[in-house]
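Using the hints, position chain U against chain H.
Protein chains: 2
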Amino acid sequence: MISPVYIIGTGLLDTSLGLKLSSLGSQVYLDDVSPSAMHLACDLGAGSLSDDSMPEPQLVVIAAPPDCAGELACAALERFPHAYVTDVSSVKKKVIKDVIRHPQAHRFVGSHPMAGKETSGAIAGDEDLFSGRPWVITPIASTDDKALEMLKQLALSVDAFPIIMPPDEHDRAVGLVSHIPQILSSLLASQLTNAPESYLSLTGQGLRDMTRIAGSDPTLWASIIAGNTRVIQEYLITLMHDINDLIDVLDNSNDDPFAPGLLRHLATYIHEGNRGVARIPGKHGGTAQHYSNIVILLPDEPGKLGQLFVDIGQAGINIEDVRIEHSSGQSLGRVNLFVQQKDEIRLSDHLKSLSYMIIGGN
Amino acid sequence: MISPVYIIGTGLLDTSLGLKLSSLGSQVYLDDVSPSAMHLACDLGAGSLSDDSMPEPQLVVIAAPPDCAGELACAALERFPHAYVTDVSSVKKKVIKDVIRHPQAHRFVGSHPMAGKETSGAIAGDEDLFSGRPWVITPIASTDDKALEMLKQLALSVDAFPIIMPPDEHDRAVGLVSHIPQILSSLLASQLTNAPESYLSLTGQGLRDMTRIAGSDPTLWASIIAGNTRVIQEYLITLMHDINDLIDVLDNSNDDPFAPGLLRHLATYIHEGNRGVARIPGKHGGTAQHYSNIVILLPDEPGKLGQLFVDIGQAGINIEDVRIEHSSGQSLGRVNLFVQQKDEIRLSDHLKSLSYMIIGGN
Chain H
1 MISPVYIIGT GLLDTSLGLK LSSLGSQVYL DDVSPSAMHL ACDLGAGSLS
51 DDSMPEPQLV VIAAPPDCAG ELACAALERF PHAYVTDVSS VKKKVIKDVI
101 RHPQAHRFVG SHPMAGKETS GAIAGDEDLF SGRPWVITPI ASTDDKALEM
151 LKQLALSVDA FPIIMPPDEH DRAVGLVSHI PQILSSLLAS QLTNAPESYL
201 SLTGQGLRDM TRIAGSDPTL WASIIAGNTR VIQEYLITLM HDINDLIDVL
251 DNSNDDPFAP GLLRHLATYI HEGNRGVARI PGKHGGTAQH YSNIVILLPD
301 EPGKLGQLFV DIGQAGINIE DVRIEHSSGQ SLGRVNLFVQ QKDEIRLSDH
351 LKSLSYMIIG GN
Chain U
1 MISPVYIIGT GLLDTSLGLK LSSLGSQVYL DDVSPSAMHL ACDLGAGSLS
51 DDSMPEPQLV VIAAPPDCAG ELACAALERF PHAYVTDVSS VKKKVIKDVI
101 RHPQAHRFVG SHPMAGKETS GAIAGDEDLF SGRPWVITPI ASTDDKALEM
151 LKQLALSVDA FPIIMPPDEH DRAVGLVSHI PQILSSLLAS QLTNAPESYL
201 SLTGQGLRDM TRIAGSDPTL WASIIAGNTR VIQEYLITLM HDINDLIDVL
251 DNSNDDPFAP GLLRHLATYI HEGNRGVARI PGKHGGTAQH YSNIVILLPD
301 EPGKLGQLFV DIGQAGINIE DVRIEHSSGQ SLGRVNLFVQ QKDEIRLSDH
351 LKSLSYMIIG GN
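Chains as they are written, first to last, in my numbering: chain H, 1 to 362; chain U, 1 to 362.
Next comes chain H alone, as it looks inside the complex:
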């Protein structure tokens, strides 16, 4: 077990980390520029107040914005001659740049626990925040192996799974799989601000899925994007070229649905999307799985969904995913059940035998 741990910052991530490590028996010391935030985190059980009399920590965790995390890391390396130091900010390049010249830089390794919530602050802290989430660790050439080992151990101890990646690669990766999707979702949703009500009444599940993360926190995301501008800019330029090309294709058709090449071009765009989405890893980090899908029409009443799932559970079938379609107008839910292909026939037979209304699937 890693102990003592000195956590600088008492926001959502750091308070959650303090709660979890304390519950595991680590001696956790908390620090924050805001005394009240620090006392709140302590009141919540995330650790004890830090002071000059505290023992030298084994590990220092800097939970500060990328712009000051580097300085704080250097200060920690000086104050504690033996401790290992990490930060948990969501973009790594700047932090590394600020620490790399420090003579003790080998005791520092950046990291990024990919966990979050809609809510924020110490009060939202929860010791299971990291469960089942990736915790990226970004060593550089000079990083001490022991520092890397300790971070792996830290990730595993909070039920996260460590992923080792160079800092630049991390920033490019999150730019693609996290920052760009957020930006596109927000831009798409912003197109709806002036749309007539009647347009929105035709909204289906596709638009709902595409705009869910558009509800994210502006302040948080502004800072994330601001910390990764070059990478995001690169992806956006590629996207803009694609959209530009598509606009040309549409323009050249002169509104003739059979203009030479039009259908080929359009089908290619959709097909490329098919190829891309097929690469997203499936559940539990396996390769992408194509689940069988069964759609059921269910009265929208308490207990109906419960009965459905208990009936499925009794057949010993594991549901891989569930989606409930909100089609406006009716008090009927369309429940999409996703199961392993091997289970499909058994499940549909089972549900039919219980006279569920199966209305589709593949």
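Incorrect hints may have been included.
[Stated by the list, open to error] Here are the simulated DSS-like pairs of lysine-lysine, each with C-alpha atoms no more than 25 Å apart in a straight line:
hint	chain 1	residue 1	chain 2	residue 2
1	H	K152	H	K97
2	H	K342	H	K352
3	U	K352	U	K304
4	H	K97	H	K146
5	H	K304	U	K352
6	U	K304	H	K352
7	H	K146	H	K93
8	U	K146	U	K93
9	H	K342	U	K352
10	U	K93	U	K152
11	H	K304	U	K342
12	U	K97	U	K146
13	H	K304	U	K93
14	U	K342	U	K352
15	H	K93	H	K152
Honestly, the hints are just simulated from the structure, not real lab data.
Relative to the frame of chain H, chain U by itself:
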């Protein structure tokens, strides 16, 4: 009841319509350029083979691509002097343009049942395809009131809900809420085709939601987009300007996260997205609802999900939405439960009393 009904085309929509109307007791006659497709639909019980001896139908439903639906509609208006005629293609402008000059055009009204599946063809036909889905009806000035009434009746008889809208408005509406989301999802997913595996291993729920519809059928979508080029082009140009502006904002920052105005600009983009997504109607066509969210950590074993929902059902609480997060690496599911705000405390107390592992929410 509308009978007899003459359905021209035996694909997914039309076969499904035939199945439903037949089950309601309507006399349905089927036709298709492909004799084998027609016979398959008949074998499936969607209706009887049409021939010259069939009685004059009350309603003719044209289920053909927009490019030929207009001609077929005109032919039907001539062949049947009293029948009302509709088409079900997903873009309306071209069809109306082809029919409007016909002397009997008042007996025609275009429509668009907004129902579909991943799978296609008569074999995928299902009589509940339209349940709880919007069925848009697009009358023009000259449209006979009786034609409009019959279409409303048709929609209601298949458990869809009719929405009346001018053709141009329909095409602009679906361009925004259906075609643009499809295009953005496909373009985003296509960015993944060349990404390193390691990037994809960091994929979270956001990217998964954003790329789900990127799995759609290229041929189908190429034809839909080709039928609505002008509208889609307009939206894409707006989007491209937004992306362009964002690229400039990022570029002007010179990679300084605190460049003057940067955070304000970025926060504004996200905030506009907040405003847009808040306008999407909630369940059952009500105004957008903000559900309370409770997150539970659940072992990924058969029956666990079932037990959870039955426990919720027993408390008489209605789950508005369910999302299961696939975080790679762990055999634990993060189950997001969405309930009416009034039910939140009761649900979390109930689940705690049953010692479920509640790990978040708001």
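Now for the hints, and whether the structure bears them out:
Of the supplied pair hints, the one linking H/K152 and H/K97 holds, its CA atoms being roughly 22 Å apart against a limit of 25 Å. At roughly 17 Å between alpha-carbon atoms, H/K342 and H/K352 fall within 25 Å of each other, so this suggested pair holds. For the suggested pair U/K352 and U/K304, the alpha carbons sit about 16 Å apart, so the restraint of at most 25 Å is met. With a CA separation close to 21 Å, the supplied pair H/K97 and H/K146 stays within the 25 Å bound.
With a C-alpha separation of about 22 Å, the suggested pairing of H/K304 with U/K352 holds against the 25 Å cut-off. Restraint check: the Cα-Cα separation between U/K304 and H/K352 comes to about 22 Å, which is no more than 25 Å; the hinted pair holds. Restraint check for H/K146 and H/K93: the C-alpha separation of about 22 Å stays at or below 25 Å, so the hint holds. Using a Cα cut-off of 25 Å, the hinted pair U/K146 and U/K93 holds, with the two alpha carbons roughly 22 Å apart.
Distance hint between H/K342 and U/K352 is unfulfilled; the C-alpha atoms sit about 35 Å from each other, more than 25 Å. Only pairs whose Cα atoms come within 25 Å are accepted, and U/K93 paired with U/K152 is accepted, the gap being roughly 20 Å. For the hint linking H/K304 to U/K342, the alpha-carbon distance of about 20 Å falls within 25 Å, and the restraint holds. Only pairs whose Cα atoms come within 25 Å are accepted, and U/K97 paired with U/K146 is accepted, the gap being roughly 21 Å.
A distance of roughly 42 Å separates the Cα atoms of H/K304 and U/K93; the hinted pair therefore is violated under the 25 Å criterion. For the given pair, U/K342 sits about 17 Å from U/K352 by alpha-carbon distance, which is consistent with the 25 Å threshold. Distance restraint check for H/K93 and H/K152: the Cα-Cα separation of roughly 20 Å lies within the 25 Å cut-off, and the hinted pair is therefore satisfied.
Hints 9 and 13, counting from the list given before, are not met by this structure.
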